[in-house]
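Colleague: With the sequences and hints as input, model every part of the structure.
Sequence order for the protein chains is V and S.
With my numbering applied, the first sequence corresponds to residues 21 to 438, in that order.
With my numbering applied, the second sequence corresponds to residues 199 to 292, in that order.
Everything labelled a hint here was simulated from the structure, so no lab data went into it.
Any given hint might turn out to be false.
[To be verified] The calculated lysine-lysine pairs, modelled on DSS-like cross-linking and capped at a C-alpha distance of 30 angstroms, are: (1) 248/S with 253/V; (2) 248/S with 120/V; (3) 311/V with 290/V; (4) 117/V with 374/V; (5) 253/V with 87/V; (6) 374/V with 253/V; (7) 176/V with 290/V; (8) 248/S with 87/V; (9) 290/V with 253/V.
[Said to hold, decoys possible] Residues of chain V clear of chain S, computed beta-carbon distances all greater than 12 angstroms: (10) 43; (11) 109; (12) 166; (13) 236; (14) 241; (15) 262; (16) 309; (17) 328; (18) 366.
These figures come from a predicted structure and were not determined experimentally.
Using N, Cα and C, we set each Cβ at its ideal position, and we do this for glycine too.
The lines below spell out each chain.
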Amino acid sequence: MTPARYSIFSLARNALGYHRNWPRAWRSPEPRPSYDVAIVGGGGHGLATAYYLAREHGIHNVAVLEKGWLGGGNTGRNTTIIRSNYLWDESAHLYEKSLKLYEGLSRELNFNIMLSQRGVLNLAHNRHDLKELSRRVRAIRLNGIDSEILDPEGVKAEVPILNTSPSPRYPILGASLQRRGGIARHDAVAWGFARAADARGVDIVQNCEVTGIDVAGGRVTGLETTRGRIAAKKIGLVAAGHSSVLAAMAGLRLPIESHTLQAMVSEPIKPVLHSVVMSNAVHVYVSQSDKGELVIGAGMDGYNSYSQRGSFRIVEAQIGALVELFPIFSRLRMLRQWGGIVDVCPDASPIVGKTPVEGLYINCGWGTGGFKATPGSGWAFAHTIAQDRPHALNAPFALERFASGRLIDEHGAAAVAH
Amino acid sequence: MLLIPCPWCGERDESEFTCGGEAHIRRPPDPDALGDAEWADYLFMRANPKGALRERWCHAHGCGRWFNVERDTVTHEIATVYRMGDPPPGEDGS
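Modeller: Here you go:
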């Protein structure tokens, strides 16, 4: 079932046929009555899990069930930033695994995910920020991950259009820089994993909403869905903002709150911003896409929501911060604005591991920063499901940490305060 | 954007308020008797329904007082607002 390889030759061949003969990238099968593993959630993390189950563990009888369309949730709604500059060892190892997988992903999946390692800057606006950033940079380097500190002149050299004068209310005193950080095409990550998983026999079933989880004698037996009952020996829940709703179907409570996180893009302009710039203090992060649009992220709304609509209050603060950092953007018009539902844990770290129900595994709580973790999350979760025990990379991220007290406090790792 | 009816000040813009999360979480009456799982449940596990949620809000940039709100997490419609210490609507609060 190897799909036709994408290459310069297939591009030329299909150009001669006016691009009418491209094969479908993945099938759209009817769900079978039973699977070895059912993954609930067809976003990047779910599709990556299915791909690594097939590739690393030889488990091909796998279904990915998606209630809407593939990659239509947070995978298609994030600001596409990839980095691994996390403070604590546990996080650093997991996110660095993910970044390393990203670095080889286009070639491995034979799908151009347009990874652009253009560098990620985190700005410091006061003396405390500077001290905190230099502490972080040292911790990150001790974990063997590239990271450096820039003074204001260095920031200006990287991003000439930043206002580094002393005049802003929150002047720029320096920045940390991870040069291997950057952006990738988020849809392509979902599509690439979908195509590669499908080629290894995984059934990707869209428009199939899970309405119940069947548990008998403390063990999962299958799923009730809008397309009938599907039996499964093992079930992985990878549903981001809807994780609490799904977990409740199996009688589980999670330490998760769902909030709206929004983003927007501007009209396209000529290349002007080469790096990704993030500011924790004034609450904005921005990069420029290959189409020329500025992709702008903000902080999340302060209350629980499943609406996928953000509050205008956040838009106002986000644009205010953007214009203070980049006065040159003051007359840009915005094209689109949207929201996604992020699943936030009390310690701002994910939950990847087993649950008290046998055969039920959960991968959630990535909150505002899940896209960068997509391949690493799928890789570790596939290991957890296949072996029925976590890999060393995700063992610290078990649900039990909330009872043991071994929290992994990464509130400072986000680009904005949450 | 929410328009929130503060029980003391009337309807005000969302930007004047901060949300304090799930309401009616009871302190454990006998903390010494609690095991790790019960502590985790009290400290970290939260109702996160897709639908009606009772939560606490503070009119931080107004009267500064806390109160309870029952709000739908999908439509954001506010069903009712009631004061701290009042029983939830439809319950006797005992």
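Colleague: Each hint needs a verdict: does it hold in this structure or not?
Modeller: Status of each hint after checking the structure:
1. 248/S with 253/V: holds, 28 angstroms
2. 248/S with 120/V: Not OK: residue 248/S and residue 120/V at ~36 angstroms, beyond 30 angstroms, violated.
3. 311/V with 290/V: Holds. Residue 311/V to residue 290/V sits at ~9 angstroms (cutoff 30 angstroms).
4. 117/V with 374/V: This hinted pair holds, its Cα atoms lying about 20 angstroms apart.
5. 253/V with 87/V: Holds, at roughly 20 angstroms.
6. 374/V with 253/V: holds, 14 angstroms
7. 176/V with 290/V: Holds, at roughly 19 angstroms.
8. 248/S with 87/V: Distance of about 16 angstroms is within 30 angstroms: holds.
9. 290/V with 253/V: violated, 52 angstroms
10. 43: holds, 38 angstroms
11. 109: holds, 22 angstroms
12. 166: Label holds. Min Cβ-Cβ 34 angstroms, cutoff 12 angstroms.
13. 236: holds, 23 angstroms
14. 241: holds, 25 angstroms
15. 262: violated, 7 angstroms
16. 309: Per Cβ check, residue 309/V is outside 12 angstroms of chain S; nearest 28 angstroms; holds.
17. 328: violated, 9 angstroms
18. 366: At roughly 5 angstroms from the nearest Cβ of chain S, residue 366/V sits no farther out than 12 angstroms, so the non-interface label is violated.
Going through the hint list in order, the structure does not satisfy hints 2, 9, 15, 17, 18.
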